[in-house]
Structures are given as structure tokens and as C-alpha cells.
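Assembly of the complex is requested from the two constituent chains, each provided in isolation within its own frame, with the hints serving as guidance.
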Amino acid sequence: MTQLSDIADKVRSKNAGPFWVTVDIFCGGEAAFSQISTSLSTERVAALFNAKAETVKRFEIPSLNVIKFSLPRPHIQGSVSDLDMHGAAWGPLLAEIDLN
Amino acid sequence: MTTVKILIPSGALGLGYDATALARGIAAKPDLIAIDGGSTDSGPSYLGRGVSKYARASTKAEWEGLVLARAEAGCPLVIGTAGTCGSDSMVNWLFEITQEILTEHGLAAKVVTLKSGQPADRVVKALENGEIAPLPAAPEISADIIKACSNIVALAGVEQISACIGTGADIIIAGRTTDTAIIAALPIMRGLNPGPAWHGAKIGECGALCATNPQSGVITVDFDNEGFVITPLADGAHATPHTVSAHMLYENTDPFILYEPGGHLDVTAAQYHALDNRRVRVTGSVWHPSEDYTVKLEGARVTGYQTVSLALVRDARYVKNIEAWCADIIAKHGAKTADRLGLDLADINVELRIIGQNATLGTLENKASALTEVGVLAIVTADDQQTASNVAKLLNPYLLHHPLTTAEEQPTFAFPFSPAEIDRGASYAFALNHVMKLSDPMDAFILTEHT
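Protein chains in written order, with the working numbering: chain F, 53 to 152; chain P, 750 to 1200.
Pulled out of the complex, with its shape left as it was, chain P reads as follows (with noise of 0.2 Å):
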């Protein structure tokens, strides 16, 4: 019988994982180490600058540790959306950085990266020949929008990550990627049955956030023909029928479907059994392969620059009127704006969010807070920064010393930093959630295998 064992390190590269488990997991000889290296969860603009989330030197420590882990386990290691964004320029800096390991450790290594960035071009056209098509709840696109991306990348999925194994590499340094690919090629390449190897590959994914002690990160997922079995290797941490199962519950917005490039899985019919008290299997997932063959695009484009400030407001008359006190800040500052840098209004934004009320909910809040402090979190959005930083400092005057009313002495507030401003730069918004069609799954990725 065919049988796939994938060890999974961590939900992510940067998240930190378990030293003895991970030495574990490397005695049971695994057939592949498969972590993931992003998402987009962290906002766009990580995507947008084509930058990643974690500091180099955690990135650094923790793939190292898994490039040696590699080593002895004589298996390949694959990282998919590396960099938290999967842009090509971060499959760049992740391969540089092995390129330090591996000269660090007078190792050798067959390395090949899979790129996942798109050109603009390449979008606008497939927009033009009827090729792309909008998920639910997708934005407006044009080729205007398309082309004012500074990154766009398509998520890889089984295919890509299988034709990079194929070449029988040590290391595979993926862009963006399906959280699950990287650990469904395996089995899918192997025979066996796709059900099973995506549903695994759903519940892996995370690491050991379908058990208990989810911060253990270690996990193995032993894929067979007809399922898969859940084994978390860290001590105190065990895996039930309820918390594998409950994972698909977690960033899905459907706990019973998932669709990936090529098709998707249903597992209304999986069934979860515990095998003892630390390892499930799971059995009866069904995949259903699609008419065509899509990948989904992400695209991250700049919608402005801000400068932000941050007021806070301690006296109790002031923190019970706060939201008059801001009102009255918006109309004078606007006021103040056209006059003194002649900017038409619409062309800019300046919210006044009050920290302590609502501005984590906004219009949804429906408590009464009684406080004894506010924090004013100005945001200025502008067309440049120049304009940002422009705007935000015609409110100082105001957040400093704005009387409730005219009869009382010149009032002020606390600021916890000098100066009073802070230029954020760009704003970065997700401007694409829609799939891509291609005739070849190859089309829109570019394999490298650097010797």
C-alpha cells in the first residue's frame, strides 16, 4: 500500500516551532517537510511592497533549522508564499538567504524556486480574452485597476508544486501558493486518492492548530489511499475527532467546501475517528475536479499616503463630549484645510477615530463605555505624503488645544510622542479577488533550478 508521510514544522515560517518535536517528526522519516510561508491575512501591504512580515534573522534562524532538519532527513523541504506575500522578489530574498545557509554550513543542495508574480500585461489581456472571472464578494476590476498593482501573484496549487518535486530537488522555494498545495502534491503525485490528500492537507496546513497545545507547531500527516491520519509529535499535545475536525472551520468561509486550483473538496461526508488518545484518521473526503483549470489572483495596489497622530483626552468633561469635540475638530479643520492649502476636500480623508468608544466597530458598536480615557487616533489619506503630512499638521493646533466652548480657558491634551505626527507612506488596498483561467497549469509560473 502507497503510503505519504508530510511533516509539517509550523502553520508558518516566522510563527516559531518545537525543537523535540521537530526532531521527532525527522526519526519517523518523513517523505517531505512542507511549511507555509505566508498569507494574505496580514493586509495588503506586505504584498503591495513585496516585503515580508517577520525580521530576516527570525526568518534566517528558523529555515535554517529546517534546511539542516532536511539534510538529515534526506527528504525534500518546501516552503510555499514565501516571504508572507509570495512576490517574486520575496522567492528572491528566501533563496538568497538559504544560498547564506547552506554556504554557512558547507552544505550542498539542489535548490529550485517556482515564481508566482504576474504581469500586469499578462492580466489586462486575460481580462480582455474573457479569462478572468470575480469570486463572491470581489471588487470592480479594469485594466486600469490591474495595471495600478504594484504586485499581482497567482496562488500555485498541486500541479506547480508537483512539477518542482518532479525535479527531483532538495529545497523548493515556492511564491504564493495554496496553504495546502505544498502538502497535497506528494500524495496527489504518488496515486493516491485527492480527497483525502487535500482535506490533510487543509487540517495540516496550520500545523498543530487542529490539536490541543496549538502553539506546539509540529505535526505529521500520513496520507494513505483512502485517508489520512493527524499525528501532533509535541508532548501535551493531542489531536480528537473534534479538534480536527473543528479546523475546518478556521478562515473558511464555507467549513464544508474548499476550492483550490483544478476543482474542489467536499468533506460533508468525512468521517473522524480517533485512533488513540493523540492521532485521528480521517476517511471519506471527496475531490471534485473542475472543467477548468483556474488559479486565483491577488493583487495589492497603492489607494493613497497617510500621516496619522494620536491625542489623548483625560479630562472628564472632555472624554464625556468626545464625540462633539471631534465633530467640531472636523469642521474647523476642513475649513482650515481649503483656506490655507487651497485642497478640495474630496480629494482627501481625515477621520477622527476615538479609541475607548468604537473604534475597533465603528457604526456597528452598541455599548455605552464609561471611560475615563480616550485616545483620538487621527488618520489623514491623501494623494501624496507631502499632502498627508500637510493636512495632519493643520490638526495639531486643534487636537492640542480645542476648547468644548468658546467660555473657557484654552484647554491640553496629552500626546505620547514628539513630533505629533507619524507619515505611515502608502496605503495599500487588495484589488483582485477573481480566478484566472489557463490551458496549461505551467502558463503564468516560472520553475528555475538554479544548479
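Here chain F stands alone, though its shape is the one from the complex (with noise of 0.2 Å):
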């Protein structure tokens, strides 16, 4: 089995505002940027993030290389229930994903 990791070159996640999360896959090359694109679909990413898909939103950037998932945040950032100020963790998370 093939995780995220292996073939992305970074995964990182960072607020977008205190109300979104974004996610940034760089892939590092054409190949996994087309791997990566086929084998992650939307559904999934929002499965691992127990988001609705529909409001997941996502970008393919080939000339960087880069898959981008954008995501209002499950708690506003900061909130007595937020665990992640920055919205550090999602990166990591996504990272760690099985390719099918």
C-alpha cells in the first residue's frame, strides 16, 4: 500500500482566515501530480476530515504541481473546542492517506 506521503514531496496544512483550513499537496513532479490527482478523490479527503465533500473545495494547479483542498474549519479557530490554533494537524493527517 502506497501512503500520500510517499510520493508528495510536502503535504501542509495552515489556516485560511479563522474560519477555513487549507491543505496543500505538493506533488514534486508531473507523474505523482497525475497519480496523486486520479487515486484521491474529493470524497475521500472530506471522509478523512469527517467533512460534507460538497464543501470541500478543490484545486489542481499542474504547473505547480500542486493539489489544494480548502475546507471550512470544524471549529472556528481559537473556540473552546478548536485543537489547533494554526490548523497545523490536517497536513499531517492528509499525509498519511492510502492511495488506491
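Just so you know, these hints were derived from the structure itself, not from any lab. Please note that the accuracy of each hint is not assured.
Said to hold, decoys possible - Incomplete in silico selection of chain F near chain P, CB under 10 Å:
1) F71
2) D76
3) S115
4) M137
5) W142
6) E148
Said to hold, decoys possible - If you want the footprint, here are the derived chain F segments under chain P, 3+ residues with CB under 8 Å:
7) 62-69
8) 98-107
9) 118-132
Cβ coordinates follow ideal geometry from the N, Cα and C atoms, glycine included.
This is the structure we're talking about:
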């Protein structure tokens, strides 16, 4: 089984303002971009993040070999139930996903 | 051909910058020095309290370097979002620091401040008049929620910063401002195409984060009517089409579209060209003005008061059964809180986060870990500090001695601190993700020329 971090250069996440989190996959090359693009569905990413697929925005940027996902934060940044002030941990979680 | 050179020392005042690279930037004769002073990224407490995340001494040391560099360059120096959150109190704070620096160096400078603070009554009135609209994923708001905010700020754009520059100011201390507006203002004032102006500002707003050696800070952005050029100034820092274009991903929901006061930027058609192994030129970005002029609002309000405690569990059997242990403590502590303090459990929140297991991801965690030790972080939230503190104190006997079974000798667990509880004070939450319509861009801002 191949996991995303085995073939991507880097997977990172950060807040995009207090209400959104964004996750960038730097695939590192065209072959990896193409493989990740076809084998990583938005639905699986949404399920991993326990989000509704229609709330997850997906961007593919071939010129950078980047795939990007943005989704509303489950808890507003810094609220009592928020665990991760900067949205740092979504990337490491996605990096471990198995590719189909 | 009109060109404008903006020098950006770093992504934020307080992060440090490379002094040699800054001197190179000054030697290149910039038209303006722009630096950002904050963002929401450190959380709602700074805006809620109207304070800076960075130490005053650190802010003063870095600001002093820029005030002196400005005097040498003879161009305006602009800071946006002064003091992390850009509240009126932080504009006053940085103004006071500026006066100290000018006095200590025997310098004279014309200082202009721009305040972005919004009285709650004004925002409530705008809400009633239908002049407030939610952005995607905005929380529900009401007049009561707006009035509960301890600070509300509006994000200034190019129009307000241009008004400050237009006074002939040497130093401009602006409250909450979009990160880009302090950079885009001068090129747009000089009549350059706003597409490249906003795009160059977005790429440049984090300093050398758009280049290799991102911590070196200092870059220049040279604007003309068709595009802009990014030049990192520290030794070993290089901008490439990849590093520059990739910066549109950073902290952005959408890597192609950026909303700003008065319109939005579209970089879908942007072209990135390496001029040499250090500099990148970008063309083709487009600005779309909006029909209405709106500014984004940010507000923070107190949602409770907290007391925290941290216990460390090293006993292998307890580590293995840590979830059951925590669940049992929550149940027993709840019963005792209702009994001894007479509190309705619906009015307080008691949480035990298991550090080492799922304290970062919560229910999203999908890995079982084989642990040597775990931390149990207790977080109590209540309507006032005294209640939070009392409830947390009732937790201590459990965190210290709670046995997994009644049949065993009383265990003891480790604590890093005495007292075991730490009062954290007010816990704040961001309450607004909305825009407010203005008939005149200066309506919500106060520009003051200090002599």
C-alpha cells in the first residue's frame, strides 16, 4: 500500500483566516501529480476530515504540480472546542492517507 | 514609464529581518517601505484584548531599525495591522514607541495614524440597515453578539492607505489593514494597473516567504503598468517562478482569486518568468472592481473563563486504559461538581485532552499509538474565573489519585507544577466573518496627522 507521503514532496496545512483551513499537496512532479490526482478523490479527503464532500473545495494546479483542498473549519479558530490554533495538523493527517 | 519600488523587510514586524539585506534595499532607493504588523493567525485573544503577541522590546528594536532606514531612504514607512491585531489601542501603543524612537535619535518625522476600530453601535446600525453581509462559513450574528465583542476592527484597503500617503506622511501607523493594501496603495496611487499591483502585493506581503531562504525576510517588489518583479535581497535567497507562484497557495482558500476592499484579484492568467536565477517577473493578473465598496470586519468576544491543569501518566496499565480512566473521572467529577458547587453541568465545560493519543486531531485521529506516557490536559471553561477555578480544583483529587479499579492500592500521578491549576483568564472567540458596505471608504476609519 502506498501512502500519500511516499510520493508527494510535501503536504502542509494552515488556516486561511479563522473560519477556513487549507491543505496543499506539493506532488513534486508530473507523474506524482497525475497519480495523486486520479487516486485521491475529494470524497475520501472529505471523509478523512469528517466533512461533507460538497463543502470541500478542490484546486488542481498543474503548473506547480499542486493539489489543494480548502474546507470550513469544524470549529472556529481559537474557540473552546478548537484543538489546533493554526490548522497545522490537517496536513500530517492527509499525508498518511493510503492511495488507491 | 512609471515604476514603483516597494521594500518589504519581512512578513511581519517581530519576526526579524536580515540587516545586511535591508541596507541593500535602502541602497536601491525604494519609493516606500511596507511591513505588516499582524494577522488573525495567532488566535482571537489578541484582538479580544487589543494587545500585541510580540514583546514590546522586540517590536521596538525592529521598528527602530526601520525608522532609521526610512530616515536614510527619505521615503514613507507604512505598517499595517499594528500590534498583531490592529486595534486602536495597538495604534496608540506603536505611536508611543515611535515617539520614543524619534526622541532617542533626535529625529523629526511626520507621523500619521489610521484607526480601524469600529464602535459596536455603528456595526449594529449597519446590520439593521442591511449593510452587513456574511462571507462563506460565517457564524450567525445578532445585535447582542456584536455588542458583546470587546474589539471590532474593519480591514482598511488601498483607499485608506493612499489617503495616509497623500498627507505627505513619513511614517504611517495603520490599524487593521489587509496584508496587501500597504504594498498595493502607492503603485495604484501612481496610476499603475491595479491587477499587477494587488498581485505583487499578495506575493510580497510575507517578505521572502515567496523565495528560497524564506526566513531572510527582505525583498523588493518593482511595479510597472504591465507587471511586477520580485527580488529577494538576502545572500542565498532566490525567487523562482515556482516559489513565487506557489505563494498564492499560502493561507488562501482559493489560489487564483483574492478578495480585497473594492474588488477582487484574478491571477488565473498570470505568467511567471525567471529574469535570472534570483528575480521573477509576473504579468497578466487582472483586477475586477466590485459594484459596492465593502470592508471586512473582525471581532472577538469573551466566551468564558478558563482554568487548566496538566497531569502526566507513566504507569503502563493506566496509559493503556487512559480513555476509560478519563471517562470515569469526567463522570465522577461531574457528580461532585453538581453536589458540592451546586452548578448546572450545562453551564460549564470540562474536557480532558489526552496528549500523546488524540489531543491534536480529536475524533479525526485514526492511529492507535503505543505510548510510554500520556499527558492529560484538563480544560475547564465557565462563565467566570472563580467558577472555572473551583471546578478545576475539584478535578485535582482525581487527576492525582484516581484508581482504575476499586480493588487496587491508591495510585499517584505526576504533575509538572504546583499549584496544579492555572487560571487562564478570558477565552475569546472570533465572532465576525462579514463585510460592511461603505458609501465612502473613509467612513469607517480615522486618519490623524500628528505634528
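So, going through the hints one by one against the coordinates:
Given hint, F71 (chain F) at the interface with chain P, holds; its Cβ is 4 Å from that chain's nearest Cβ, closer than 10 Å. The beta carbon of D76 (chain F) comes within 5 Å of a beta carbon in chain P, closer than 10 Å, and the hint placing it at the interface holds. For S115 (chain F), the suggested interface contact is upheld, since its CB lies about 7 Å from the closest CB of chain P, less than 10 Å. Interface hint status for M137 (chain F): upheld, as the beta-carbon distance to the closest one in chain P is roughly 5 Å, under 10 Å.
Hint status for W142 (chain F) relative to chain P: holds, with the closest Cβ pair at about 8 Å, below 10 Å. Residue-level restraint check for E148 (chain F) holds (minimum Cβ-Cβ distance to chain P is 8 Å; threshold 10 Å). For a cut-off of 8 Å, the count of residues in the segment 62-69 of chain F with a CB near a CB of chain P stands at 4, and the three-residue condition holds. Look at the segment 98-107 of chain F against chain P: 3 of its residues bring a Cβ nearer than 8 Å to a Cβ of that chain, three or more, so the hint holds.
Counting residues of the segment 118-132 of chain F whose beta carbon lies closer than 8 Å to any beta carbon of chain P gives 10, which meets the minimum of three for the stated coverage.
Hint compliance for this structure: no hint is broken.
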